[in-house]
Amino acid sequence: MAEKAVQSHHVVVIGAGSTGVAVAHDLALRGFAVTVVERGAIASGTTGRNHCLLHSGARYCMSDPVSAQECAQENDVLRSIMPHAMELNGGLFVALTEEHRAYKSRFQEACQTCGIDAPWLTPEQVLALEPHVHPDNLGAFHVPDGVFDPLRFCLSFLATARRNGADVFPFTRVDELIQRGSAVEGVKVSDLHTNRVRRIEADLVVNAAGPWAGEISAMAGLMLPMDPTPGVMVSMRGRYCQRVINRLGMPSDGDIVVPQRETSILGTTSWSVPRADTIPIPEEHVALLLERGRALIPALAESEPQGIFTVARPLIHEMVKDTRQVSRGFECFDHAAEGVQGLVTIVGGKTSTSRAMAETTADLVCSKLGIQAPCRTRETRLESYRAFYYT
Amino acid sequence: MKQEMSDPVMAFDGNELWTIHYRVFRYKRSSGKPHYDKFNVEIAPHETVLDGLEKIWAFQDRSLTFRHACHHASCGSCGIRVNGVEKLPCIVPIREVTRDGGTVLCEPLRNFPLVSDLVVDLGQFYRRLEEAHFQIIRSSEPIERDEHESSNVHTRFENCIECGLCVSACPVSGTDGLYFGPAALAASWRMIQEPRGVDPLSVRSNADQEHGCWRCHVAFECSEVCPSNVDPAAAIMALRQDLLKRKLLRLFQRGDHDRA
Amino acid sequence: MTEHEERRVRKTLAWLDMAGRKAGTWAFLLNRLTGLGLLLYLLLHLGVLSLLAMGEMQWDAFIALARSPLFLVLDVVLIFGILYHGLNGIRVALVGMGIGVRWQKGIFWTLMGLGVLLLAITGWLVFTM
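Chains as they are written, first to last, in our numbering: chain L, 1 to 391; chain P, 1 to 260; chain F, 1 to 129.
The shape of chain L in the complex, shown without the other chains (with noise of 0.2 Å):
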């Protein structure tokens, strides 16, 4: 049977963030024996520590229309498989100035385009909707953005993976590749829990370290131009909006309020830094957040920050100055090209389009072991999150 030839294979998934926990549940699905190894908690790097937006694809339609309708397909997607890990709340783009509304005929056939709903709702009508919105706005368009809850989200994929057979193995840290000539063959790993070291024979090991990913890669002696970006949040106490509010305009700092239970997460700067582990965070950018967000919020000055927080976004180096315009898209590398057999890479993307992300990885697994089985991600309900601490 073609389903016993499947789960002969073992792939190991470095990363437990999105994108590893994503690629950990389409592998298991399609009947792979998976393992996934991460070095801390799960969610515990970049995705953890994301501003939480299930992206409507609003925000990137004028400037990046792929990435736009990627997020717009996964969007109804992750609303139908996951509705215990979000919060569909709906986000408006608000227009504050005359230089604002003046993207509204551009925005509305960007949108339109990209397929996503996006009606046009008068200053008052806003402020029915939100109250809190600057009272001096001059309308807003109503997207379909949600908010989600990363650790969950996360958890989520992984209680359904381990369901269809996989292990997972938090604070678990890949010291080595194993490799034999040049192919990847497994991991050579400490356990963090025992500090014993260990060794996972694999036949496949996919990369999706997030912007560690390139250390994992320089194991086997590959240079992969990662460009860890990273973005200031603030965390203000209180909640003042029901929806994510943005400010109608190219993407760009401080232009996001997203509401998680009773705060506010202000959002988000963008730079760039050697390296992704402790990032420390610049004065001014939590200041430019602050003034920012009362712009689009007023009500937002009686509140105080109860966390302020940065990690590095997982993108991929391209020459080009403005960090802003890195690609927010996803590439999948298999390094046979280079000459590595059995080590496949993932990296970018954004949380809101991991499942898409894993469905490209996935379909490369196959193909590189020779083996047909379709995606069944994007029907396949998934697990509470809870399920992944008690089975």
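FYI, nobody ran anything at the bench for these hints, they're computed from the structure. Check the hints yourself; a few may be wrong.
[What the hints assert, rightly or not] The calculated DSSO-like cross-link candidates involving lysine-lysine, where the alpha carbons are at most 27 Å apart (straight line), are: (1) L:K188 x P:K28; (2) F:K22 x F:K11; (3) P:K33 x P:K55; (4) P:K28 x F:K11; (5) F:K105 x P:K245; (6) P:K28 x P:K38; (7) P:K55 x P:K28; (8) P:K33 x F:K11; (9) P:K55 x P:K38; (10) P:K245 x L:K188.
Mind docking chains P and F on chain L? Use the hints.
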């Protein structure tokens, strides 16, 4: 420019940098007894206790295990005891718990099985929440609320972030491993208030057990440490009142006839 | 010790783990201790009453002992136990039925204030009468 960015110092508080002695609980399954390790950490007073742990991990000991994800008190995964008190270290600035040259004691949560270092096993805790049928609303329509409220009690994501601090602080959870604990009981009360398709009678009968809401000893420590203002203690008391009323009512009705 | 016994000892000792805990757990611990103390007192009291059956001599000897200053101090400790357990019990009973939950801290400290007052008065009476 890049050189400046790699400097692990933040510029707040007029560039002030404190030296803090972290005393961190250590335990590895393979190697003997639990003990405390001491780490000296250079850290700005506005940085958080979690920032310090990350620095220890990044620059001093990569085998240190601790959970963390969101860094803004929303995921509930980083809960530990800081100087003995249950906290989410991601929102506790250093200056709130010590002074320059002071010590910060980091220990795992109480009343959970220990896994390693600061990591505990939350399996049973999550199972009990699941047994209370605790869930967020799943409809695709947003909840419309009172426009004049800036903040509301019931958001779509429940305020309980399922961090386990309440169970660690509860004196009864320490002595009775079967006790449901404050979070699961508070969750039960929420589901009774707003059942969302769940049968409230089954949630009630689940809570109405020896190790359920009656086991609480009214110490109110859960509500003291809750980082999300859930006030589990008040929920347990409300649950008791509700059950008590029903029991009394049944007692009087039984006089008439057994109406099942 | 078997592992099971060890766990049992650890769980019992968890009673006394006061690190980082606030008034609520102190109140709970003190309630348990005074409860045990009162139980012990009740047993002693029954024992002492049984002296009556042994004749006048034994009883008079006990009464003489009961008037010694040390014994009077123990009386005050007993009164403390009764007052604390009773007054905190009022709070626990009320709050446990869902009454006054929001004001439970206030209720506690008010009752404790009342307790201190009553203890002072009864203590004074014990030593002066």
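These are the hints, each one checked on the structure:
1. L:K188 x P:K28: holds (19 Å)
2. F:K22 x F:K11: holds (20 Å)
3. P:K33 x P:K55: Between K33 of chain P and K55 of chain P the Cα gap is close to 25 Å, so the pair holds against 27 Å.
4. P:K28 x F:K11: holds (22 Å)
5. F:K105 x P:K245: holds (24 Å)
6. P:K28 x P:K38: holds (16 Å)
7. P:K55 x P:K28: holds (20 Å)
8. P:K33 x F:K11: Answer holds: K33 of chain P to K11 of chain F is near 19 Å, not above 27 Å.
9. P:K55 x P:K38: Holds. K55 of chain P to K38 of chain P sits at ~13 Å (cutoff 27 Å).
10. P:K245 x L:K188: violated (61 Å)
Of the numbered hints stated above, the single one contradicted by the structure is hint 10.
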